[in-house]
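Engineer: Given next are the chains, with one letter for each unit.
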Amino acid sequence: MKYYYIRDPIHGFIELTEWEMVIINRPEFQRLRRIKQLSLSEMVYPATTHTRFEHSLGVMHVATQMFDNIVQRNKKFLQQELNYDDTALERQRILIRFASLLHDIGHAPFSHAGEELMPYKSGSNAGEGKQRYKHEDYSISIIDNNFKEYIDDYKYNYLKITTDEICELLKDGPSSAQQLFWRNLISSQLDADRADYLLRDSYHAGVNYGKYDLKRILRTLTIVKDPETENYFIGIDRSGWHAAEGLIIARYQMFSQVYFQHTRKAYDHHITEILRTLLEETRGESVFPPPTKEYIDEYLDWDDWKVVGLIKEGKAGSEGDIILNRNHHRRVYETSEVPDIDELSEFEAIVSKFEDEIAFVDLAEKSWYKKGDDDIPIVEENNYQWQPLSEYSSIVKNLAPCKQKRIYVPYVRKDRVKAQIERFREELKNGKKL
Amino acid sequence: MVKNYRVPWERYGVIAYLAKVMEEYNVQFGKTSLQKIIYILQEIYDVKIGYPYTLYNYGPYSADLANDLNYIAALKGVKVSWVSTGGYSIKPDVVADDFINRGIDFINSNKDKIKSALDVFGRLTAKELELRATIVYFYKEYGIQDEHQIAQQVHEIKPYFSLEKIEETIHELKEKAII
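Residue numbers (our numbering), protein chains in the order written: chain A, 257 to 690; chain B, 859 to 1037.
Since the hints were derived computationally from the structure, they do not count as laboratory data. The structure presented is a predicted model; accordingly, all values stated were derived computationally and were not measured. One or more of the hints may lead you astray.
Unchecked claim - Lysine-lysine pairs mimicking PhoX-like chemistry, simulated, CA-CA at most 25 Å apart:
no., chain 1, residue 1, chain 2, residue 2
1, A, Lys377, B, Lys985
2, B, Lys1023, B, Lys969
3, B, Lys985, B, Lys998
4, B, Lys985, A, Lys481
5, B, Lys973, B, Lys985
6, B, Lys971, B, Lys906
7, A, Lys390, B, Lys985
8, B, Lys998, A, Lys386
9, B, Lys1023, B, Lys1034
10, A, Lys685, A, Lys674
11, B, Lys971, A, Lys386
12, B, Lys934, A, Lys481
13, B, Lys934, A, Lys427
14, A, Lys653, B, Lys906
15, B, Lys937, A, Lys653
16, B, Lys998, A, Lys481
17, A, Lys471, A, Lys332
18, A, Lys562, A, Lys609
19, B, Lys934, A, Lys685
20, A, Lys653, B, Lys878
21, B, Lys937, A, Lys377
22, A, Lys549, A, Lys568
23, B, Lys969, B, Lys878
24, A, Lys390, B, Lys906
25, B, Lys906, A, Lys386
26, A, Lys427, B, Lys1034
27, B, Lys998, B, Lys969
28, A, Lys481, B, Lys1023
29, A, Lys258, A, Lys416
30, A, Lys653, B, Lys949
31, A, Lys404, A, Lys427
32, B, Lys934, B, Lys1034
Said to hold, decoys possible - Going by beta-carbon spacing under 10 Å, a handful of chain B positions derived as facing chain A:
no., residue
33, Tyr883
34, Pro910
35, Phe957
36, Lys1034
Ideal Cβ positions, reconstructed from N, Cα and C, are used throughout, including at glycine.
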């Protein structure tokens, strides 16, 4: 088999097979060169112009390293509990490489900023309102509709790899116990996606946050068993808990210093509004086409270049001008990162009082950067029993989730509204009951 | 212009309230149990808490709920601790009542539904709840009505539950008119 090597600033050389090169050279994958990883972060960190293309290669590289290390340390478990023989492991490795390579192929222009404009799914379990499609739904649709010829029917597909199996690794929902276990490498607290983007985003932003000991994490990955439910998933051997702590701190700092940076968040708002305008103008409705066979090629036509071209042509209205002139909305008030009950009430009162002045409210919990549960399982002995990282690390134990909230107004109102909010807060402190 | 922004007091209030009332049920009430009970409250008892759920790996899971739990724990609304026998325990902490009071209108209007749910599910272990919540998820989200098909699908992702045990649980849920 012929191998190819691509230079990468984070991982050195990334190795690719001839088959993977066929996939990478498809226009659907090349489109990722035209979708920036961090949307318009370059308005704050000018070098964050990296794309989903190199991130996808990096995720495949890291997922493979994770897989190899887990197999090396836990082969007996995989044979006995999940019924793997050597050929099945070889197949699984190929599946994980394809799934991680293609996991972001369904991203909208400007990455997560476009996700607010994906159409609603039918049905819901949220009790109120419906759930929107996510980029993962588009990834699955693109793989399912556009890649069978290049995967299922590939001339050297001796192990009968299928796009259905690749999609199984990427989607939520039921699957075999084997694929459910390996989904941990694609989507979990310890997945290859985060492992790559923290290092890559940190490198391009030029910050000294986001760095952690990936090699130590890889060497200490192992299998744990949940005592409450008896499910197996991926954790860290006790010898690696400081590396796991480093990963959590890296995530926290990248969130607070880069992903949730206040000006960057303003540009997320502006580009979302621009996309809304452009979709309305071109499609007659302010959402992307759904991830169905009928519409998937129309969706794939949308990338950053198309949007930037339309902005330059003046099709994006006043929001487009904001970007062209870097005249973004300004933050006039923010809560602390972990607001207490009184602060939440004060924030609610300010929004109510100034609702006619406010351009938008930004909430940390609405960020794409879903944190979920931060605790990483640490295995005590080689018997799959574990304790959470927070039992080892006092730093992690005391790390509260960010629930910061911010208020933005147009630049011209900034000084006036900021002063009014300060006066209002004084009034609240001096006797107005919340 | 911004309209209708509000703090989700009902979500925070329900989490603190469940931590408090679950003390009466003499069972380890941990993160898994909280996830599954709120899922069941939303899906079966129509308590509109509004958490979006996915079938994350091994059962219905809401990342938003996990995040809110950590937040309320940081503000001392609940105390989440690891117990020596394994698993988490969630108990009310010093300001639990403050959170409950902020969400009291919502809690009061759903108190009967919450009580009905806890009468059925409140004494179950995390593992038992996970099985029941997963069956409900297949039934509701995938619209699968055939008992045998649901049992097969659940067995596929939870091979440590026998087919017989899963089918028995489906019968139990049907008898109680849960599904």
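Engineer: Now tell me if each hint is right for this structure.
Structural biologist: Here's how the hints hold up against the structure:
no.	hint	verdict
1	A:Lys377 - B:Lys985	30 Å, violated
2	B:Lys1023 - B:Lys969	32 Å, violated
3	B:Lys985 - B:Lys998	20 Å, holds
4	B:Lys985 - A:Lys481	13 Å, holds
5	B:Lys973 - B:Lys985	21 Å, holds
6	B:Lys971 - B:Lys906	11 Å, holds
7	A:Lys390 - B:Lys985	30 Å, violated
8	B:Lys998 - A:Lys386	15 Å, holds
9	B:Lys1023 - B:Lys1034	17 Å, holds
10	A:Lys685 - A:Lys674	17 Å, holds
11	B:Lys971 - A:Lys386	23 Å, holds
12	B:Lys934 - A:Lys481	29 Å, violated
13	B:Lys934 - A:Lys427	35 Å, violated
14	A:Lys653 - B:Lys906	31 Å, violated
15	B:Lys937 - A:Lys653	12 Å, holds
16	B:Lys998 - A:Lys481	28 Å, violated
17	A:Lys471 - A:Lys332	23 Å, holds
18	A:Lys562 - A:Lys609	39 Å, violated
19	B:Lys934 - A:Lys685	23 Å, holds
20	A:Lys653 - B:Lys878	22 Å, holds
21	B:Lys937 - A:Lys377	36 Å, violated
22	A:Lys549 - A:Lys568	31 Å, violated
23	B:Lys969 - B:Lys878	13 Å, holds
24	A:Lys390 - B:Lys906	23 Å, holds
25	B:Lys906 - A:Lys386	13 Å, holds
26	A:Lys427 - B:Lys1034	32 Å, violated
27	B:Lys998 - B:Lys969	24 Å, holds
28	A:Lys481 - B:Lys1023	21 Å, holds
29	A:Lys258 - A:Lys416	19 Å, holds
30	A:Lys653 - B:Lys949	17 Å, holds
31	A:Lys404 - A:Lys427	17 Å, holds
32	B:Lys934 - B:Lys1034	37 Å, violated
33	Tyr883	16 Å, violated
34	Pro910	5 Å, holds
35	Phe957	7 Å, holds
36	Lys1034	20 Å, violated
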